[in-house]
Amino acid sequence: DQQVKQNSPSLSVQEGRISILNCDYTNSMFDYFLWYKKYPAEGPTFLISISSIKDKNEDGRFTVFLNKSAKHLSLHIVPSQPGDSAVYFCAASANSNYQLIWGAGTKLIIKP
Amino acid sequence: KAGVTQTPRYLIKTRGQQVTLSCSPISGHRSVSWYQQTPGQGLQFLFEYFSETQRNKGNFPGRFSGRQFSNSRSEMNVSTLELGDSALYLCASSLLARALYNEQFFGPGTRLTVL
Chain F
45 DQQVKQNSPS
55 LSVQEGRISI
65 LNCDYTNSMF
75 DYFLWYKKYP
85 AEGPTFLISI
95 SSIKDKNEDG
105 RFTVFLNKSA
115 KHLSLHIVPS
125 QPGDSAVYFC
135 AASANSNYQL
145 IWGAGTKLII
155 KP
Chain Z
985 KAGVTQTPRY
995 LIKTRGQQVT
1005 LSCSPISGHR
1015 SVSWYQQTPG
1025 QGLQFLFEYF
1035 SETQRNKGNF
1045 PGRFSGRQFS
1055 NSRSEMNVST
1065 LELGDSALYL
1075 CASSLLARAL
1085 YNEQFFGPGT
1095 RLTVL
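So the protein sequences, as listed, match chains F and Z. The numbering of the first sequence is the numbering used here, which starts it at 45 and goes up by one. The numbering of the second sequence is the numbering used here, which starts it at 985 and goes up by one.
So that you can see chain F by itself, here it is in the shape it has in the complex (with noise of 0.2 Å):
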């Protein structure tokens, strides 16, 4: 039973524009969300992240965005550039377990 759901394995955006990944999640206790970045070859990177007690969060470029009552967040990435075509993981975590629950990834596609 996947915890955290990311329900599109691939997106493809023309550059300039939003780009807008989703994530699901099943578990109410879970209070702290974090995106990461893959670059193929390489090891996850942090990107961003959230707390509960927040429904927004932006850096630069990256917002995330929690809507905790349909357990859905988002991360919007205005505007989208080449350099951001990578894997992005959305992970979550309960206060109580230290262990991170990730999805599955979606590939981001960003078209010149």
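Certain hints may be false.
SDA-like cross-link-like pairs, simulated, lysine to any residue; straight-line CA separation at most 25 Å [to be verified]:
| id | chain 1 | residue 1 | chain 2 | residue 2 |
| --- | --- | --- | --- | --- |
| 1 | F | 151 | Z | 1087 |
| 2 | Z | 1041 | F | 73 |
| 3 | F | 151 | Z | 1092 |
| 4 | F | 49 | Z | 1069 |
| 5 | F | 115 | Z | 1028 |
| 6 | Z | 997 | F | 84 |
| 7 | Z | 1041 | F | 46 |
| 8 | Z | 1041 | F | 75 |
| 9 | F | 49 | F | 75 |
| 10 | Z | 1041 | F | 70 |
| 11 | F | 155 | F | 126 |
| 12 | F | 49 | Z | 1089 |
| 13 | Z | 997 | Z | 1059 |
| 14 | F | 151 | Z | 1095 |
| 15 | Z | 1041 | F | 76 |
| 16 | F | 115 | F | 90 |
| 17 | F | 151 | Z | 1022 |
| 18 | F | 115 | Z | 1024 |
| 19 | F | 100 | F | 64 |
| 20 | F | 151 | Z | 1072 |
| 21 | Z | 1041 | F | 143 |
| 22 | Z | 1041 | F | 89 |
| 23 | F | 49 | F | 93 |
| 24 | F | 151 | Z | 994 |
| 25 | F | 49 | Z | 1023 |
| 26 | F | 151 | Z | 1025 |
| 27 | Z | 1041 | F | 72 |
| 28 | F | 100 | Z | 1087 |
| 29 | F | 49 | Z | 1072 |
| 30 | F | 49 | Z | 1022 |
| 31 | F | 49 | Z | 1070 |
Just so you know, the hints here were simulated from the structure itself, not pulled from any lab data.
For chain F, the structure is supplied; the task is to place chain Z on it using the hints.
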């Protein structure tokens, strides 16, 4: 400074064999965590070592084991390999145990293929 290094980068084994993977953390980091990533799945936590002691363990069978040396380098071992063990094995290092996630740095991984 040098990042997290993992060796070998690629490995092909047959069912029933055993394998040992190595991870060298960033200099000064004392915590090493191991993860398994299979196609269509997110990263699955295997275990975490800090100062040569296993601090945390995921839900994997006993065929998966690890250790950490006094220089913080870590190895993981998988015995009696099964086809389903084919995966990318990632290790991550951090200065402290249970580090904040933005302070955990991943290596490039070892791609294990079991035939």
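Do the hints match the structure? See the list:
Taken as a hint, the residue 151(F) and residue 1087(Z) pair is honoured in the structure, with Cα atoms around 24 Å apart against an allowance of 25 Å. About 20 Å separates the Cα atoms of residue 1041(Z) and residue 73(F), which keeps this hinted pair within 25 Å; it holds. For the hint pairing residue 151(F) with residue 1092(Z), the CA-to-CA distance comes to about 17 Å; that is within 25 Å, so the pair holds. Among the hinted pairs, residue 49(F) with residue 1069(Z) is consistent with the structure: their alpha-carbon atoms are about 22 Å apart, no more than 25 Å.
Distance hint between residue 115(F) and residue 1028(Z) is fulfilled; the C-alpha atoms sit about 21 Å from each other, no more than 25 Å. Proposed proximity of residue 997(Z) and residue 84(F) is supported: the alpha carbons are some 22 Å apart, at most 25 Å. Taken as a hint, the residue 1041(Z) and residue 46(F) pair is honoured in the structure, with Cα atoms around 19 Å apart against an allowance of 25 Å. Proximity of residue 1041(Z) to residue 75(F) is assessed by CA-CA distance (about 21 Å); at most 25 Å being required, the pair is judged to hold.
Simply put, residue 49(F) and residue 75(F) have alpha-carbon atoms about 16 Å apart, close enough for the 25 Å limit, and the pair holds. Among the hinted pairs, residue 1041(Z) with residue 70(F) is consistent with the structure: their alpha-carbon atoms are about 23 Å apart, no more than 25 Å. At roughly 7 Å between alpha-carbon atoms, residue 155(F) and residue 126(F) fall within 25 Å of each other, so this suggested pair holds. Proximity of residue 49(F) to residue 1089(Z) is assessed by CA-CA distance (about 23 Å); at most 25 Å being required, the pair is judged to hold.
Simply put, residue 997(Z) and residue 1059(Z) have alpha-carbon atoms about 17 Å apart, close enough for the 25 Å limit, and the pair holds. Using a Cα cut-off of 25 Å, the hinted pair residue 151(F) and residue 1095(Z) holds, with the two alpha carbons roughly 19 Å apart. For the hint pairing residue 1041(Z) with residue 76(F), the CA-to-CA distance comes to about 20 Å; that is within 25 Å, so the pair holds. At roughly 21 Å between alpha-carbon atoms, residue 115(F) and residue 90(F) fall within 25 Å of each other, so this suggested pair holds.
Distance hint between residue 151(F) and residue 1022(Z) is fulfilled; the C-alpha atoms sit about 15 Å from each other, no more than 25 Å. For the given pair, residue 115(F) sits about 21 Å from residue 1024(Z) by alpha-carbon distance, which is consistent with the 25 Å threshold. Among the hinted pairs, residue 100(F) with residue 64(F) is consistent with the structure: their alpha-carbon atoms are about 14 Å apart, no more than 25 Å. The suggested pairing of residue 151(F) with residue 1072(Z) holds, with an alpha-carbon distance near 17 Å, which does not exceed 25 Å.
Only pairs whose Cα atoms come within 25 Å are accepted, and residue 1041(Z) paired with residue 143(F) is accepted, the gap being roughly 9 Å. For the proposed pair residue 1041(Z) and residue 89(F), the alpha carbon gap of about 22 Å is at most 25 Å, so the pair holds. A C-alpha spacing of about 17 Å is found between residue 49(F) and residue 93(F), which places the hinted pair at or below 25 Å, so the restraint holds. With a C-alpha separation of about 22 Å, the suggested pairing of residue 151(F) with residue 994(Z) holds against the 25 Å cut-off.
As the CA atoms of residue 49(F) and residue 1023(Z) are separated by approximately 14 Å, the hinted pair is consistent with the 25 Å bound. With a C-alpha separation of about 13 Å, the suggested pair residue 151(F) and residue 1025(Z) falls inside the 25 Å cut-off, and the hint holds. Proximity of residue 1041(Z) to residue 72(F) is assessed by CA-CA distance (about 23 Å); at most 25 Å being required, the pair is judged to hold. A hinted pair counts as satisfied when its Cα atoms are at most 25 Å apart, and residue 100(F) with residue 1087(Z) qualifies at roughly 21 Å.
Between residue 49(F) and residue 1072(Z) the alpha-carbon distance is near 20 Å, which keeps this suggested pair within the 25 Å criterion. For the hint linking residue 49(F) to residue 1022(Z), the alpha-carbon distance of about 15 Å falls within 25 Å, and the restraint holds. Between residue 49(F) and residue 1070(Z), the direct Cα distance comes to roughly 22 Å. Compliance with the 25 Å bound is thereby established for this hinted pair.
Hint compliance for this structure: no hint is broken.
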